[in-house]
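Asks: The lines below spell out each chain.
Protein chains: 2
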Amino acid sequence: MTNFYIDKLAIVGVGLIGGSLSLALKAHGAVGQVVGIGRGQANLDKAMELRVVDSVTRDLAAGVADADVILLATPVLTLGPVARQAMPHLKPGTILTDGGSVKQAVIDEIEPFLRDDVQFVPGHPIAGTEHSGAEAAFASLYQGRRCILTPTARTAPAALATVHAMWEAAGCEVVAMEVEKHDRVLAAVSHLPHMVAYALVNAVGAYDRYEENILEYSAGGFRDFTRIASSDPTMWRDIALTNRDALIEMIGQFEAYLRELKDDVAQGDSERLFEFFRRSKESRDAIL
Amino acid sequence: MTNFYIDKLAIVGVGLIGGSLSLALKAHGAVGQVVGIGRGQANLDKAMELRVVDSVTRDLAAGVADADVILLATPVLTLGPVARQAMPHLKPGTILTDGGSVKQAVIDEIEPFLRDDVQFVPGHPIAGTEHSGAEAAFASLYQGRRCILTPTARTAPAALATVHAMWEAAGCEVVAMEVEKHDRVLAAVSHLPHMVAYALVNAVGAYDRYEENILEYSAGGFRDFTRIASSDPTMWRDIALTNRDALIEMIGQFEAYLRELKDDVAQGDSERLFEFFRRSKESRDAIL
Chain R
1 MTNFYIDKLA IVGVGLIGGS LSLALKAHGA VGQVVGIGRG QANLDKAMEL RVVDSVTRDL
61 AAGVADADVI LLATPVLTLG PVARQAMPHL KPGTILTDGG SVKQAVIDEI EPFLRDDVQF
121 VPGHPIAGTE HSGAEAAFAS LYQGRRCILT PTARTAPAAL ATVHAMWEAA GCEVVAMEVE
181 KHDRVLAAVS HLPHMVAYAL VNAVGAYDRY EENILEYSAG GFRDFTRIAS SDPTMWRDIA
241 LTNRDALIEM IGQFEAYLRE LKDDVAQGDS ERLFEFFRRS KESRDAIL
Chain E
289 MTNFYIDKLA IVGVGLIGGS LSLALKAHGA VGQVVGIGRG QANLDKAMEL RVVDSVTRDL
349 AAGVADADVI LLATPVLTLG PVARQAMPHL KPGTILTDGG SVKQAVIDEI EPFLRDDVQF
409 VPGHPIAGTE HSGAEAAFAS LYQGRRCILT PTARTAPAAL ATVHAMWEAA GCEVVAMEVE
469 KHDRVLAAVS HLPHMVAYAL VNAVGAYDRY EENILEYSAG GFRDFTRIAS SDPTMWRDIA
529 LTNRDALIEM IGQFEAYLRE LKDDVAQGDS ERLFEFFRRS KESRDAIL
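In order, the protein sequence lines correspond to chains R and E.
All residue numbers for the first sequence refer to this note's numbering, where the first residue is 1 and numbers rise by one.
All residue numbers for the second sequence refer to this note's numbering, where the first residue is 289 and numbers rise by one.
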């Protein structure tokens with residue numbers, strides 16, 4: 001527990017990430033008032049109905065006007081435009097942060113437009129489910145999960161400390177990391193697996209040798225394995241567009257391993273196959 | 289519920305598949321006595337301790353001698369040798385079945401050595417977890433899961449009906465299927481996903497740009513996604529060795545989809561990326 005308390009928090013994008021932060025901070029008595037800002041009235045209505053936030057508005061300028069901290073929690077490609085549109089309306093001293101899964105592209109879009117009296121702390125809570133929207137939000141989403149902050153040369157230590165304390169109050173273990181390292185590590189442990197899951201479901205779904213839908217023969221393993229292919233297409237399009245180089249590198253590395261395995265299968269190499277599977281099981285069991 | 293009842297069942301390989309069948313049939317009062325046969329005394333002791341079976345032996349000949357039905361539930365490559373070794377000791381009329389994930393290779397190994405007074409019904413209950421051994425067995429494993437039987441020209445209808453009823457009594461929805469179709473469909477919905485998961489864990493695990501273990505930054509998605517990479521290496525080596533052609537075909541189809549996605553990422557093609565993810569989400573949501 002921390003003594004963190006924030007008077008007014010504005011959340012742009014009241015979905016799984018933004019909504020869950022609001023619920024977590026409320027649950028810990030760490031926030032006075034939360035205003036939810038969004039474009040879709042239906043989702044904002046749902047957020048009010050479920051008491052995810054205290055008030056909602058579709059007017060970005062009005063919503064951010066007197067906020068102490070603003071979390072941008074929209075798909076990665078809209079973070080820059082939203083930040084620039086909000087910028088003239090922020091009160092001096094406001095701390096802006098985000099929850100984007102890619103950091104360098106977001107920083108490049110926001111920092112050049114940052115006012116001198118406003119701070120930006122790039123962040124990424126590593127948590128989520130395959131569900132989206134205000135009704136997917138829940139207070140314990142961040143419990144025990146990591147949140148990575150990637151401060152830049154322009155980030156003031158006090159602002160960094162505030163955002164650090166905010167995510168800690170929400171339940172996260174907060175770590176600071178170089179921007180480039182964040183983008184590469186996440187490409188490996190999150191962005192690549194999503195690309196693989198999407199490609200797998202499409203490859204199996206396109207299998208048309210038989211009349212019936214063969215996915216009906218899938219067992220629990222396939223369902224668990226492909227759960228992340230149900231994630232929001234807009235969110236993942238934006239990630240794929242903004243973390244391109246690291247993602248291409250990781251897809252390439254994965255392709256090399258799959259090719260090695262395919263060769264071993266083709267050659268019926270019993271020892272190499274066993275060793276490939278054994279090594280993978282060992283790595284996987286270590287993170288159970 | 290069925291009126292199926294079997295006096296004596298022998299299970300060769302008291303692991304997740306064999307042990308769970310025993311527990312399921314016992315729970316439904318569908319079996320008199322179950323003998324567990326295996327090579328490892330420690331696992332047999334565990335099976336007795338957990339009351340997974342009624343008796344155990346490492347003597348295959350003695351264990352199968354007066355069984356009415358025998359389930360072979362060992363890794364695919366050992367099914368043939370075990371069946372051949374057991375063959376002279378079976379009483380006339382015994383029904384032999386198996387739980388192997390590949391069917392043509394198993395049939396090719398067993399049918400040429402089948403006695404005229406013994407029946408073989410090739411089978412595959414589509415169920416499992418990433419755990420193995422007698423202590424992984426549980427009575428509800430088969431509840432609501434499919435079991436595929438792939439009778440051949442040599443399979444007598446009465447023997448097929450008995451094995452059908454046995455798996456139904458264990459909770460399965462039982463379907464009959466052509467051998468080749470089984471092996472192709474399972475290559476798509478099960479064998480390919482396992483290969484992909486094993487390759488993914490090895491690719492990410494080999495990422496050594498940074499000192500620390502980057503798997504620590506993985507979120508729930510990665511853990512769920514790679515759970516099947518914790519499966520038994522021997523079992524999967526045998527599947528990879530015996531369903532080679534179908535598996536190579538499916539890996540190739542998956543590679544083509546991943547290459548398409550990689551090209552879209554490299555070209556930053558927003559519309560194609562969105563459509564790729566949307567289509568995948570649609571297929572995946574349909575099997576939720």
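Possibly wrong hints are sitting among the right ones.
[What the hints assert, rightly or not] Here are the simulated DSS-like cross-link-like pairs (lysine-lysine), alpha carbons at most 25 angstroms apart as the crow flies: (1) R:181 - R:91; (2) E:334 - E:314; (3) E:314 - E:296; (4) R:281 - E:334; (5) R:262 - R:281; (6) R:26 - R:8; (7) E:296 - E:334; (8) E:469 - R:46; (9) R:181 - E:550; (10) E:379 - E:296; (11) E:550 - R:262; (12) E:379 - R:262; (13) R:26 - R:46; (14) R:46 - R:8.
In case anyone wonders, no lab produced these hints; they're calculated from the structure.
Asks: If any of the earlier hints don't hold here, list their numbers in rising order.
Replies: Result: hints 1, 8 and 12 break, sorted rising.
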